[in-house]
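Undergrad: Single-letter residue listing:
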Amino acid sequence: MPNSTDTRSASFASRLREKLRSHRPTTKTTLQIGLPTVLLLLIAPITSDVTLFKIGLLLLFAVAAVGLHVLVNWAGELSLAHAGMVGLPALVVAKLSSDHNLSPLELAPIGILIGFALGAVVAATARRVSGLYVTIVTLAAGLAIDRFFFTKPWLVGTGNLKLTAPRLAGLEFGSIQAIYPIIVVVFIGSVFATRRLLDSKLGRALLTVRSDPTIAQAQGINVPAYRAAAYMFAGALAGLAGGFMPLWAQRVTPDSFPLELSFTYLAVVVVAGRGSINGVLGAALLIEGFRQFLSGTSFIAAYLGPVALIVTLTRFPGGLNQFGRMIGGQLAGVVGRFRPGRSPGDAEG
Amino acid sequence: MEISLLNGAFLGVIYGLIAIGLVVVYRVTRIINFAHGEIGMIGAFVFADLWLDHDLPLVLAVGAGIAVSALLGVITEFVVIRPLRGQPRLTVMVGTLGVSSLLLVYAVRRYSPRPRFARPVIEGNGFEIAGLLVRPVQILTLVVALAILALLALVMFKSSFGLRLRATALDSEAAAEVGVRVGRVSMGTWAIAGAIAGLSAILVSSQVVFSAFFMSRLMLRALAAALLGGLTSVTGAFAGGIFLGMAEGVIGFQWIAPGAVEASLAVLVMAVLIVRPKGLVAAEY
Amino acid sequence: MIPKLTVTGFTVGYTHVPVLRGIDLDVLPSEVVGILGANGAGKTTLLRAIMGTLPATSGTVQVDDLDVTSMPAEDRARVGLAHVPEGRRLFSSLTVEEHLDVAGLINPDPAATKDQVLELLPKLAERRRQKAGTLSGGEQQMVAIGRALMTAPRYLLIDELSAGLAPVIAQELVEALVRSRESGTGVLLVEQSPHLVADAVDRVYLLERGSLVAEGTLASLGGADRIADLYLGVDREGA
Ligand SMILES: Nc1ncnc2c1ncn2[C@@H]1O[C@H](COP(=O)(O)OP(=O)(O)OP(=O)(O)O)[C@@H](O)[C@H]1O
Ligand SMILES: [Mg+2]
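Residue numbers (the numbering used here), protein chains in the order written: chain W, 1 to 349; chain C, 1001 to 1285; chain Z, 2001 to 2239.
Take the hints with a grain of salt, since some may be wrong.
Only some residues are given here: those of chain C computed to face chain W with a beta carbon under 10 Å [unchecked claim]:
no., residue
1, Leu1006
2, Gly1086
3, Leu1097
In silico DMTMM-like links for lysine to aspartate or glutamate, alpha-carbon gap of 20 Å or less [to be verified]:
no., chain 1, residue 1, chain 2, residue 2
4, W, Lys54, W, Asp212
5, C, Lys1158, Z, Glu2097
6, W, Lys152, W, Asp49
7, Z, Lys2123, Z, Glu2098
8, Z, Lys2004, Z, Asp2024
9, Z, Lys2004, Z, Glu2097
10, C, Lys1158, Z, Glu2182
11, Z, Lys2004, Z, Glu2139
12, Z, Lys2131, C, Glu1002
13, Z, Lys2123, Z, Glu2139
14, Z, Lys2004, Z, Asp2075
15, C, Lys1158, Z, Asp2101
Have a look at the derived ranges for each label pair, beta carbon to beta carbon [unchecked claim]:
no., chain 1, residue 1, chain 2, residue 2, range
16, Z, Gly2022, C, Gly1063, 55 to 61 Å
17, W, Val307, Z, Asp2024, 18 to 24 Å
18, C, Pro1057, Z, Arg2078, 28 to 34 Å
19, W, Gln292, C, Arg1116, 27 to 33 Å
20, C, Arg1082, W, Gln32, 37 to 43 Å
21, Z, Val2079, C, Ala1067, 51 to 57 Å
22, C, Gly1063, W, Gln292, 39 to 45 Å
Treat the hints as calculated values from the structure; they're not laboratory data.
Here the structure is a predicted model, which means the values were calculated and not measured.
Built from N, CA and C at the ideal position, the CB exists for glycine as well.
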């Protein structure tokens, strides 16, 4: 039994590799990637360091959210351990950097590995269990990470970890302005890699698994492997975001990753809704962005998050993506009837 | 050892009591109500305000607290559950998450996030059981939990509301076709669950650190208890709570490192679900 | 005005493509009317929309002189519509008696109706305390009919009474139903095969790909065999 699983996941991995290799950059993709990169980079010189710092945090938040988006909105799985999957890699990288005088930039990739491994652990349990019971497994895992690992001095230090100055290949990254482009590359890179992945056969297979595992199995899709892959992918992106957190924030404590953060991540991907990554970016901006940029004491800032969540959900149960498709459909209808037989509401599927 | 087991059992009564309310909602709405704790918390704050600050008689204050929580349950049903009927369960659950953070924001702004004083609804010296000093309010909580279980059984199986409710829970479309007003059943269910949340919170408030977060902190364990009990069984949920509390008592006694209890409980819950993927107790209606 | 169940200009669809177009039909009290159609013709959709479980895009439903078009199913049940749905849709862990009781809650005299129902379907009395999920298919169909009758309906909508049942049992149930019309209930009986309902129905409508293509007595339409060949065979071959 383990053997057959191994060969199947191997074929899954090789298909993934092939997919990534077959990708040839075109002018269109160059533009799609280049434009947002340039725009994000242009923000840096015209904002204060404080604002730039918040933007960087938001970008890393979005990277982790994109991972959960794949898990929830594409694979139909659920995780309430996402904050832990960001936090644990962040703390490990910070600790290693502080103890061994290593640059957090060089250590950042370790975060991906840790996140990936955590995803694998949850996936192993989720294999046996399904539905809401997965919720409790992930919740328990999140709680364990939070209360167990986050309270250990050998991991989180005794208060303040002194990080080594970031450097890579002999270059020193002393200022926030110098580090910012790295964060932009991480963000753009993960968004477009994920988009590419979801556009491929893999994305379609995930959708089949979500809508009907029995049919998927009958079509020769290895359902457990795909479910597990989704957990590991979500973990890896969480670990990526977490791994770069020490570099960006300079100081990370367990308080940065409270259990409630898992709920925030979940709220973001549900407000995003099924479909494109654009929805996630919008939802991250809406929920986490407002929290970051509005001062926490004003009446509006305090209530805006929850109220926006409830209103968006009840008005557009399919999330921002549904809203986007609707607007898009209406625009298409106004601009001209390019696609006959396709009415505005059609996109919702 | 026996002491920690018994102590854990009384903790478990708290988890079980909260879990009962979660199951009541789950059976009809098929979702986990993440706002359950906060709905109760607001009721407990109203109760404490009226009883301690405005010197209202105990019974009236308790009644007012329960009523506020029941009303919040009804409002949640109306604002979130009803518009989201027919949507994926996850969407509805995140809707209740929104309600939960809304109520938390309100409580923190209205009452500050700091812990406040909570007086037990009954006081006294307590008595010793097997070397453990048990306070009267702990006994009261147990009695109330058992009374709620009995009352729920009575309502479910002996009243016409219970009959409507069970039919709606099993197939709301078929229930509507024989004239059951499923909207009212749903609203009634949320009112009952809200009232249970309020009563639990009032009883629990003096047994833990009484801040705006006191119920949120217990939610995770209550949820684990409900799931261990198979999610649709109120007695199963209560038993699950006591099981969890006793496990916590023993683990906390054996291993005092911070987080040891949570880590072990996580492993325990995972282990139980791996062996019995549908919980310890099978679902009932 | 003669009291009757009237459906006019009914158009129903699940997404955007209509499954039913411009349906007009009526059922008189005490009348047994058949709707015959092949798989996928839209029979189930029609009954669900008349009951109000499924919204209609356009058209009206009238129960006697009351327009119920904007009412939800729970109110239509109260003004006299009842539905035996496809697949029975029983409350699996409720007992037979509880099924009758929950439906009887909107009946002004549930005890009397219950006696009638148990007389009509004596098997149910034997199985009173058994959970519906553990009953045989035929017994389950009886519970579904009994449950619908307990609301004391003016008009009863029945979706494929015969599905999954031995012809003898189906025949028995149809006869029981025909007896129930003595109380004045009009019955709309959906079936795939004209033979099963031949003795029971006063009139039939033929439903083909979402439209009613013929109406009349079985004899006026050329008899059960000819209907089966001409109308109901079409889709089977096409599929
Ligand atoms: N929930 C649904 N969503 C989308 N399309 C549906 C749905 N239910 C039915 N349909 C479609 O509507 C058409 C009519 O279906 P319906 O169930 O009413 O047929 P029927 O006449 O009852 O068939 P049968 O004899 O097989 O029961 C079919 O083409 C079917 O695919
Ligand atoms: Mg049908």
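Undergrad: Hint by hint, note whether the structure agrees.
TA: Here is what the structure says about each hint:
1. A least Cβ separation of about 24 Å between Leu1006/C and chain W goes past the 10 Å threshold, and the interface hint is therefore violated.
2. A least Cβ separation of about 8 Å between Gly1086/C and chain W falls short of the 10 Å threshold, and the interface hint therefore holds.
3. Given the 10 Å rule on beta carbons, the hint for Leu1097/C holds: about 6 Å separates it from the nearest Cβ of chain W.
4. With a C-alpha separation of about 41 Å, the suggested pairing of Lys54/W with Asp212/W is violated against the 20 Å cut-off.
5. For the given pair, Lys1158/C sits about 13 Å from Glu2097/Z by alpha-carbon distance, which is consistent with the 20 Å threshold.
6. Under the criterion of a C-alpha separation no larger than 20 Å, the hint pairing Lys152/W with Asp49/W is inconsistent with the structure, at around 32 Å.
7. Our distance criterion of 20 Å between C-alpha atoms is met by Lys2123/Z and Glu2098/Z, whose separation comes to about 15 Å.
8. Taken as a hint, the Lys2004/Z and Asp2024/Z pair is honoured in the structure, with Cα atoms around 13 Å apart against an allowance of 20 Å.
9. Among the hinted pairs, Lys2004/Z with Glu2097/Z is inconsistent with the structure: their alpha-carbon atoms are about 31 Å apart, more than 20 Å.
10. Our distance criterion of 20 Å between C-alpha atoms is broken by Lys1158/C and Glu2182/Z, whose separation comes to about 34 Å.
11. With a C-alpha separation of about 31 Å, the suggested pairing of Lys2004/Z with Glu2139/Z is violated against the 20 Å cut-off.
12. For the given pair, Lys2131/Z sits about 43 Å from Glu1002/C by alpha-carbon distance, which is inconsistent with the 20 Å threshold.
13. Restraint check for Lys2123/Z and Glu2139/Z: the C-alpha separation of about 7 Å stays at or below 20 Å, so the hint holds.
14. A hinted pair counts as satisfied when its Cα atoms are at most 20 Å apart, and Lys2004/Z with Asp2075/Z qualifies at roughly 18 Å.
15. Note on Lys1158/C and Asp2101/Z: the hinted pairing holds, with a Cα-Cα distance of about 12 Å set against a maximum of 20 Å.
16. Judged by the Cβ atoms, the range 55 to 61 Å given for Gly2022/Z and Gly1063/C holds: they are separated by roughly 58 Å.
17. For Val307/W and Asp2024/Z, the Cβ-Cβ distance of about 48 Å falls outside the hinted range of 18 to 24 Å, so the restraint is violated.
18. For the hinted restraint 28 to 34 Å between Pro1057/C and Arg2078/Z, the CB-CB distance of approximately 44 Å leaves it violated.
19. Between Gln292/W and Arg1116/C the beta carbons are some 30 Å apart, a value that agrees with the proposed interval 27 to 33 Å.
20. At roughly 41 Å, the beta carbons of Arg1082/C and Gln32/W sit within the given window of 37 to 43 Å.
21. Here the CB-CB span from Val2079/Z to Ala1067/C is close to 35 Å, at odds with the stated 51 to 57 Å.
22. The hint said 39 to 45 Å for the Cβ distance between Gly1063/C and Gln292/W, and at roughly 43 Å that hint holds.
Violated hints for the displayed structure, listed by number in ascending order: 1, 4, 6, 9, 10, 11, 12, 17, 18 and 21.
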